[in-house]
Amino acid sequence: MSASTRDLHSELDLESSFTVESIESELKHAWAELGAQAEESNTLAPVRTSILTLVVVARGEAEITDARATLDRLVRVLPSRVILVSVLRDKENISARVSAHCAFSLSEQGSCYERIEIETGQTNLRAIPSILTQLEISDLPTFIWWIGPVDLRSPEFSRISRAAQRVIIDSARFNHPLESMGHYAEYMAHNHGDLAGTDLTWSRLLAWRELLAQSFDNPAAQEMLSSLQRVDMTYDPGYEADALLTAGWLTSRLGWEPDAASETRDTITFSACDQNQRTVRFNLTEISGAGIGLRSVRLVSHSGQKSSRVTVRRLDRQRAAVHIEMTGMPRQQRVVKCIDNTDDQVLGTELLQFGRDQVYEHALNHAARFATMI
Amino acid sequence: MTTTQPASTNLQERFQPAGNPLREGLRIERTPDPCAMVIFGASGDLTYRKLMPALYDLALERLLPAGFSVIGFAHRDMDAESFKAHLREGVERFSRFRPIDDAIWESFAEGISYVRGDFNNPEDYERLSVELTAVDTQRGSMGNRMYYLATPPEFYANIVSCLGAKHLTHREDGAWQRVIVEKPFGHDLESAQGLNKAVNEGFDERDVFRIDHYLGKETVQNILAFRFANGIYEPIWNRQYVDHVEITVAESIGIEGRGSYYDDTGALRDMAQNHMMQLLSLVAMEPPGSLHADAVRDEKVKVLHALRPINPDLVNRSAVRAQYADGFVSGKQVPGYREEDRVADGSLTETYVALKLFVDNWRWADVPFYLRTGKRLAKRVTEIAVHFKPVPHRLFSSQASQNLEPNLLVLEIQPDEGMALKFAVKVPGPTMRLRPVNMVFQYGTAFNTGSPDAYERLLLDAMLGDGTLFTRRDEVEAAWRTVTQILDGWSNLPDDQIPQFEAGTWGPMEADAFLNREGRSWRRP
Ligand SMILES: NC(=O)c1ccc[n+]([C@@H]2O[C@H](COP(=O)([O-])OP(=O)(O)OC[C@H]3O[C@@H](n4cnc5c(N)ncnc54)[C@H](OP(=O)(O)O)[C@@H]3O)[C@@H](O)[C@H]2O)c1
Numbered sequence: 000m001s002a003s004t005r006d007l008h009s010e011l012d013l014e015s016s017f018t019v020e021s022i023e024s025e026l027k028h029a030w031a032e033l034g035a036q037a038e039e040s041n042t043l044a045p046v047r048t049s050i051l052t053l054v055v056v057a058r059g060e061a062e063i064t065d066a067r068a069t070l071d072r073l074v075r076v077l078p079s080r081v082i083l084v085s086v087l088r089d090k091e092n093i094s095a096r097v098s099a100h101c102a103f104s105l106s107e108q109g110s111c112y113e114r115i116e117i118e119t120g121q122t123n124l125r126a127i128p129s130i131l132t133q134l135e136i137s138d139l140p141t142f143i144w145w146i147g148p149v150d151l152r153s154p155e156f157s158r159i160s161r162a163a164q165r166v167i168i169d170s171a172r173f174n175h176p177l178e179s180m181g182h183y184a185e186y187m188a189h190n191h192g193d194l195a196g197t198d199l200t201w202s203r204l205l206a207w208r209e210l211l212a213q214s215f216d217n218p219a220a221q222e223m224l225s226s227l228q229r230v231d232m233t234y235d236p237g238y239e240a241d242a243l244l245t246a247g248w249l250t251s252r253l254g255w256e257p258d259a260a261s262e263t264r265d266t267i268t269f270s271a272c273d274q275n276q277r278t279v280r281f282n283l284t285e286i287s288g289a290g291i292g293l294r295s296v297r298l299v300s301h302s303g304q305k306s307s308r309v310t311v312r313r314l315d316r317q318r319a320a321v322h323i324e325m326t327g328m329p330r331q332q333r334v335v336k337c338i339d340n341t342d343d344q345v346l347g348t349e350l351l352q353f354g355r356d357q358v359y360e361h362a363l364n365h366a367a368r369f370a371t372m373i
Numbered sequence: 000m001t002t003t004q005p006a007s008t009n010l011q012e013r014f015q016p017a018g019n020p021l022r023e024g025l026r027i028e029r030t031p032d033p034c035a036m037v038i039f040g041a042s043g044d045l046t047y048r049k050l051m052p053a054l055y056d057l058a059l060e061r062l063l064p065a066g067f068s069v070i071g072f073a074h075r076d077m078d079a080e081s082f083k084a085h086l087r088e089g090v091e092r093f094s095r096f097r098p099i100d101d102a103i104w105e106s107f108a109e110g111i112s113y114v115r116g117d118f119n120n121p122e123d124y125e126r127l128s129v130e131l132t133a134v135d136t137q138r139g140s141m142g143n144r145m146y147y148l149a150t151p152p153e154f155y156a157n158i159v160s161c162l163g164a165k166h167l168t169h170r171e172d173g174a175w176q177r178v179i180v181e182k183p184f185g186h187d188l189e190s191a192q193g194l195n196k197a198v199n200e201g202f203d204e205r206d207v208f209r210i211d212h213y214l215g216k217e218t219v220q221n222i223l224a225f226r227f228a229n230g231i232y233e234p235i236w237n238r239q240y241v242d243h244v245e246i247t248v249a250e251s252i253g254i255e256g257r258g259s260y261y262d263d264t265g266a267l268r269d270m271a272q273n274h275m276m277q278l279l280s281l282v283a284m285e286p287p288g289s290l291h292a293d294a295v296r297d298e299k300v301k302v303l304h305a306l307r308p309i310n311p312d313l314v315n316r317s318a319v320r321a322q323y324a325d326g327f328v329s330g331k332q333v334p335g336y337r338e339e340d341r342v343a344d345g346s347l348t349e350t351y352v353a354l355k356l357f358v359d360n361w362r363w364a365d366v367p368f369y370l371r372t373g374k375r376l377a378k379r380v381t382e383i384a385v386h387f388k389p390v391p392h393r394l395f396s397s398q399a400s401q402n403l404e405p406n407l408l409v410l411e412i413q414p415d416e417g418m419a420l421k422f423a424v425k426v427p428g429p430t431m432r433l434r435p436v437n438m439v440f441q442y443g444t445a446f447n448t449g450s451p452d453a454y455e456r457l458l459l460d461a462m463l464g465d466g467t468l469f470t471r472r473d474e475v476e477a478a479w480r481t482v483t484q485i486l487d488g489w490s491n492l493p494d495d496q497i498p499q500f501e502a503g504t505w506g507p508m509e510a511d512a513f514l515n516r517e518g519r520s521w522r523r524p
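Protein chains in written order, with numbering that gives the first Met the number 0: chain A, 0 to 373; chain B, 0 to 524.
FYI, nobody ran anything at the bench for these hints, they're computed from the structure.
All C-beta atoms, glycine included, are put in the ideal place defined by N, C-alpha and C.
Label-pair ranges, simulated between beta-carbon atoms:
| hint | chain 1 | residue 1 | chain 2 | residue 2 | range |
| --- | --- | --- | --- | --- | --- |
| 1 | B | I235 | A | E178 | 53 to 59 Å |
| 2 | A | Q352 | B | W361 | 37 to 43 Å |
| 3 | B | E509 | A | Q352 | 50 to 56 Å |
Under 8 Å between C-beta atoms, here's a sample of chain B residues computed to sit facing chain A:
| hint | residue |
| --- | --- |
| 4 | P20 |
| 5 | L25 |
| 6 | T30 |
| 7 | P33 |
| 8 | R61 |
| 9 | D100 |
| 10 | I103 |
| 11 | S106 |
| 12 | R138 |
| 13 | F440 |
| 14 | A445 |
Given only the sequences and the hints, what does the whole structure look like? Please build it.
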């Protein structure tokens, strides 16, 4: 947003008299206040447009600060009702603070959103779903984003998540991301597809999926997919979930079945079987690197006289290089954008998708099956 | 060569999503096939300001195929390096993503080369042919070619025939050869037919992509979404409920130094024949059976074919033209049209035009469509206003409803995209008093994300072979047919006067009178 941005902000505190009705009525005041501010400062009247309700659950000060910063950026592009549920260890009651915000710039219409911050202690968490159900905007989708690690098998997680149509976690923030994938897959299977779930780690891999898919758009290259023999990946320490999800995506898309896994000090090796019972090997190797994430994916195939090798390699936080070598084709090499998106950007992409992401669900299932084999 | 054909089996095959299992769930169904794009007129303004920035932006967004190449063809003497440096400067100024990324530009620029040549010299196409072969071998473009005619239209015929003579327009090996042409596409029906014939000498109609950059705008595509993704408008979108439709494309700028071009062209040819006719057909068309390019264009062209012919002898009943005189726009004094550079003394070229058109079909019989466009109007705005009929029976006393106006739905296209519905409510109080209020939706407040430039969308679609957002031969000719009737009428008028209006206003009094006669008036957007 340009330097001419002006923020309007109106905030009301409800500590003393908390009811859902009072939240709604305070919100009306907040909007009226915003309208008055806009008139005074000669900006366009704020328009109360919403496309969704986003519930964010943050536990402890660090997560709460993180959530606020992410939301401040996100809502500039996606007007919504945001309900931030802050869970504080020592808090005994439930309190709420309501605010409405608009950001204007000269070239744009104002983007406005309303934020309800509910603070609660662990013991009162049980009451939260009943409040959320009343506060969600009717007829528009409700998303819930668990910003930090959460026990995906706890009743608390499933009770609160049930208030939404789409659940978003970020397995990169989990202490045991591989294990959490298994739990998340179980959780979704348990919900029989009534609830859509996703993972920001998956969203961050979008550029990788696009670059790999793009390399096989050409029909000649597509042929080589059925004769893949080996997939080599490298990743920075702490990013094995990224590599595993990518492997899960490839195997599920190509119709291969996870078969076996083994692990050495820095390499996880999987094998999968294609429809013809051919074995395809996956080598996932941790390298000491700059903490960027997934660093390279190479797909190698041979079929009779033909062979191909497609490599996508992350150069830095902004770019990747794609190399394609294929029998009968000139060698192709190019540098493309591959940006480390911030949380608000990946979250923003996820919030535009309303239904289930079956490609993700299949990838997660396969990744979870690999994870249990290690 | 053929004119328009219904979607052939061959065409359908070309649109089958590629069977790439990794594509499922991703943004687009496929990237275009590897190809080389030859830009004729590559040293010109369009390439510098629009095409290259759009191509770089597409490359940056990872939407171009590996091995994508650009071959510039133009008059001036340049080597590939200075050509690239010139293009880079344009990208630095006009890309959506600035500053430009050096590594990505370098990688993209590896595929750029330049062939110096004269459009009219067949020998120079030999060098182009050699370069194309080299690009196929070195970059894997597999014989797929996109020719972009960024040239004045008088060169089209020669370029196409020279390409044909070097066997550059057709191949037997399944590779595609397409051509993109720019506006202005002709200056009347006859010249447009001539251009179509020349272009179709070399390329099948399905390989011809005529650009109307309005169709590449997100906002214009939204008209399709608004009309056909919502069930509630369709039942009232017809003569029973609609009183009239107003389409406004107003600019506050003048002719911006393009005097010699504009003075030969005028508002009717420059805006009405293409952009406004496109808006009209999108608003008035029947729902297509699918979003397939020809399904959409078949419905659009039916609207243009249904336009009631204008009798040139009675042109003043259907059209008003005018010119801006000096005045003030946004508080600044501006010169009148005839005082602009490179405009002929006493020029009669219209800078403003208002039209009344009828779509003679079941849905729209006798509903007037009023179109107006002009330069140096009060403000920049593009919108479509659908005026509904008044209520059939006045239930409220005349005092209660004295301010009452019929419902109005406005689709706002520029500068802010959105829509507004005007309806009546009761003013709070002890008596029944009514007044109209507006319910407004603005896209920017719901989706505050940037949209691709029209050229990005159009270049990508052309590479994918999707012609939905391009004008087909029959559409262009149908639009010219109506416009030519007006031009003929004007040329027969004895007077050597054209109404003048003050710059910065909403146009001439004659245009107001044009609507007032029918008990209507123009909106003040
Ligand atoms: N500019 C825009 O934004 C815009 C927008 C919409 C439509 N258009 C249309 O697009 C077309 C191109 O516009 P433009 O603004 O780019 O025009 P321009 O700046 O005048 O460029 C014309 C180009 O054609 C080349 N050229 C002219 N005669 C030639 C010949 N005999 N042989 C070889 N090259 C020749 C010129 O090469 P040299 O300069 O090297 O001689 C130059 O590259 C026009 O039809 C225009 O109406 C332009």
